[in-house]
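Engineer: If you read the protein sequences in the order shown, they are chains A and B. Following our numbering, the numbering of the first sequence begins with 2 at its first residue and continues without gaps. Following our numbering, the numbering of the second sequence begins with 79 at its first residue and continues without gaps.
Bear in mind the hints are in silico, worked out from the structure with no lab data behind them. On a predicted model such as this, the values are computed, not experimentally measured, just so you know. We treat Cβ as the ideally placed atom computed from N, Cα and C, and that holds for glycine. Among the clues, some could well be false.
[Stated by the list, open to error] Below, in silico cross-link-like pairs of lysine to aspartate or glutamate (EDC-like), each with a Cα-Cα straight-line distance of 16 Å or less:
#	chain 1	residue 1	chain 2	residue 2
1	A	Lys125	B	Glu349
2	B	Lys382	A	Glu18
3	B	Lys215	B	Glu568
4	B	Lys168	B	Asp87
5	A	Lys193	A	Glu204
6	B	Lys161	B	Asp149
7	B	Lys144	B	Asp124
8	B	Lys168	A	Asp242
9	B	Lys127	A	Asp242
10	A	Lys153	A	Glu109
11	B	Lys242	B	Glu213
12	B	Lys159	B	Asp87
13	B	Lys144	B	Asp87
14	B	Lys289	B	Glu308
15	B	Lys192	B	Asp206
16	B	Lys242	B	Glu550
17	B	Lys382	A	Glu183
18	A	Lys123	B	Glu349
19	B	Lys161	A	Glu195
20	B	Lys382	B	Asp447
21	B	Lys501	A	Asp242
22	B	Lys215	B	Glu244
23	A	Lys153	A	Glu180
24	A	Lys9	A	Glu26
[Stated by the list, open to error] Far from chain B by the CB rule (all over 10 Å, computed), these chain A residues:
#	residue
25	Asn31
26	Ala76
27	Tyr205
28	Val227
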Amino acid sequence: MSETLSAKQLGFYALNEKVRELTGEIIIDNSYGERFIAASATADKSIVINGTPGNALGCYMDGAHITVNGNAQDAVGDTMNDGEIVIHGHTGDALGYAMRGGVIYVREGSGYRTGIHMKQYKDKRPVIVVGGGTGSFLGEYMAGGLIIVLNKNSDGRADVGRFTGTGMHGGAIYIRSAEPPEDVPKQVLCRKAEDADKVAISEYVKRYAALFGGDINELLGADYWVLAANSANPYKQMYTDN
Amino acid sequence: MSLNYIYPDNEVVRNYDKCICCRACERQCANEVHEYLEEADKMIADDAKCVNCHRCVSICPVRALKIVPTDHEFRKNTSWKKKDIYEVYKQAESGGVLLSSMGNPSEFPVYWDKILLNASQVTNPSIDPLREPMETKVFLGAKEESVKRGEDGRLITKTSPQLKLELPVMFSAMSYGSISYNAHESLARASQEAGTFYNTGEGGLHEDFYKYGGNTIVQVASGRFGVHREYLETAAAIEIKMGQGAKPGIGGHLPGKKVGPNVSRTRMIPEGTDAISPAPHHDIYSIEDLRQLVFSLKEATAYKKPVIVKIAAVHNVAAIVSGIARSGADIVAIDGFRGGTGAAPTRIRDNVGIPIEVALAQVDSRLRDEGIRDKISVVAAGSIRSSADVIKAVALGADAVYIGTSALLALGCHLCRTCNQGKCNWGIATQRMDLVKRLNPDIGYKRLVNLMTAWKHEIEEMMGGMGINSIEALRGNRLMLRGVGLTDVELRMLGIKHAGESA
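Produce the complete structure using the sequences and hints provided.
Structural biologist: So, in structure tokens, the structure goes:
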């Protein structure tokens, strides 16, 4: 059995109150920027949103499944711990801020600071797959997890803006492009992916193709750049006890 | 190797007539100051390793030890003090940023010490707290602006969530990582017993302490360490850390070598990895953005818990708090420039921020002027040393205070200010198991409860003396305060009169 809610009619407060109470399949129609949908939602909820949900969709989410038929806005999956978010469109800035687990698939592009502070812990390893390009500061302060940028409309250029991986000290970023991203800091190692590297991402790229369509050979066969923390050149500031 | 320019600050003085060479000092000192010379049957000490923590002094069964500041000095110079000279030496030697612990020790005015309290005489009676009821309970959270009634005429009694404190004192944010498991256990148990709250800091919450959730404030900082659904749901309140008095504008960096198995578990990061909390929240650039984080936390916990925003006291603090009051936050915590820390760059700690007394007075006045004082509770922090400081803070406008250093002192801290070295001989600011076990939480929590009990009595005495029987009636009651030796500007900033001026 599924429940259908009209977001526009309820407003964010009443809508989220209803979503908290319900379990099972929940359909939200007429979404026009309602914030915090599915905040800390657990695995007993599966939510379909038709329209454009507002900021902080799925923040602190802990196991629920969300499909957005439309674009999403900023801070999707902030501090998400588990679950899956599928967005049939674009997203805004700070996608997956400090995400610790679960997977986010974005059919098109995402904004600035995608995957900032992403981390991993034991069996928790978060994954973000972006179909298009991203804004600058991709994977800023990244400490763990996996970001895959498919750059599907960029003609071989790494469409990720500037300052990729600034402050990165863990995890991996895969960028599908002929050229490497610009402005990679010296604390981050950027190298061309070999076939063995692609094993790590094939599961997620296949799922992307299954969700949104696309030729898996074209998506997986192209060149990728892999970014990881450069253990030979870590961030450190020498301190003196005083 | 170049010459060592630094002469030790402290000298270990041993009375050899008393010393029985029991070697207790040697066993107890994590800094390895003491050594036994077998052939001479004599204890010796290396002054250079001594941090002046008094562990050996306290443990010595015959009181043979004392630590004294050295009288070795440079040629007198008003401008170049020994500290300035040594800091240059240290940096010339290492190329490193100077790192310090605990609060700013420099000679800035302590306004608490220049404020005196009023008492009743003749015309308005004082109250004897031993015989008459005295209310020290406070509720923190947004207050209703007016009495509301339902359609049936009945009072609507549903309020926004409140924290109930038996006295207006809570324990400040100190992370598991900066302090030990046993220190956290002591704080948690003491909070439960004394009817107040302790704060996890940004290091997450150990699963053993979930049972104290009703007295726990959990922190959410830019790195979001250990933040997850259960952590938020367990807590009594959630604090967003925007800043800290000891290091305004500076973030936290727990080096990988300090992330052992237990710290790894609460911060939810792999062992040995760096834990970086940058100063800015990269998703907050405005009050509107702050509002989004406040409400995301409220949504995640079904509006059941108050949200606190903690900031450092900086030049524009009143305007900033005015914004925070409009962000939907229930409580604002303001940390003055003397606030403590486990580690901060010396230059930041000693040169950035403003005194809490002035910040608090300015914030309270600003919120009142704007008619929004009841929208938010104000918690003052940053070197509250006694119940008198608490009373003065309340009269300057605070709903409650946070104490950090005072709480650590109760646990045995001797303010040697070397927390950053991780070798705390008192088992407080360390993760070394052999040291941690020196702090017995069964004793530690009782000492904290004792401190709270004693302060509560003193608060009641001082209130009674002023003829006030409820702490709420003291809040912002600046007529109960008088300044001594303060300039006109200082009095104006504090919003108080000088001693001798009548109401």
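Engineer: Alanine 76 of chain A: least C-beta distance to chain B exceeds 10 Å?
Structural biologist: violated (6 Å)
Engineer: Just double-check asparagine 31 of chain A for me: nearest Cβ-Cβ distance to chain B has to come out over 10 Å.
Structural biologist: holds (20 Å)
Engineer: Assess, step by step, whether the Cα of lysine 144 of chain B is no farther than 16 Å from the Cα of aspartate 87 of chain B, and give holds or violated.
Structural biologist: Holds - the C-alpha atoms of aspartate 87 of chain B and lysine 144 of chain B are around 14 Å apart, at most 16 Å.
Engineer: For the pair supplied as a hint, lysine 289 of chain B and glutamate 308 of chain B, confirm whether the alpha-carbon distance does not exceed 16 Å.
Structural biologist: OK: lysine 289 of chain B and glutamate 308 of chain B at ~12 Å, within 16 Å.
Engineer: Would the hint linking lysine 153 of chain A and glutamate 180 of chain A be met if the CA-CA limit is 16 Å?
Structural biologist: holds (14 Å)
Engineer: Are the Cα atoms of lysine 192 of chain B and aspartate 206 of chain B separated by 16 Å or less?
Structural biologist: Roughly 27 Å between the alpha carbons, so the hint for lysine 192 of chain B and aspartate 206 of chain B is violated.
Engineer: Within 16 Å, alpha carbon to alpha carbon, are lysine 215 of chain B and glutamate 568 of chain B?
Structural biologist: violated (31 Å)
Engineer: Holds or violated: lysine 242 of chain B with glutamate 213 of chain B, Cα cutoff 16 Å?
Structural biologist: holds (13 Å)
Engineer: Given the proposed pairing of lysine 382 of chain B with glutamate 18 of chain A, does the C-alpha separation stay at or below 16 Å?
Structural biologist: holds (12 Å)
Engineer: So if I understand the rule, the pair passes when the alpha-carbon distance is 16 Å or less; does lysine 123 of chain A with glutamate 349 of chain B pass?
Structural biologist: Between lysine 123 of chain A and glutamate 349 of chain B the Cα gap is close to 10 Å, so the pair holds against 16 Å.
Engineer: Assess, step by step, whether the Cα of lysine 242 of chain B is no farther than 16 Å from the Cα of glutamate 550 of chain B, and give holds or violated.
Structural biologist: Holds. Lysine 242 of chain B to glutamate 550 of chain B sits at ~13 Å (cutoff 16 Å).
Engineer: Just to be careful, I want the Cα atoms of lysine 168 of chain B and aspartate 242 of chain A compared with a cutoff of 16 Å; is the pair within it?
Structural biologist: This hinted pair holds, its Cα atoms lying about 9 Å apart.
Hints 3, 5, 15, 17, 19, 20, 24, 26 from the earlier list are contradicted by this structure; the remaining hints agree with it.
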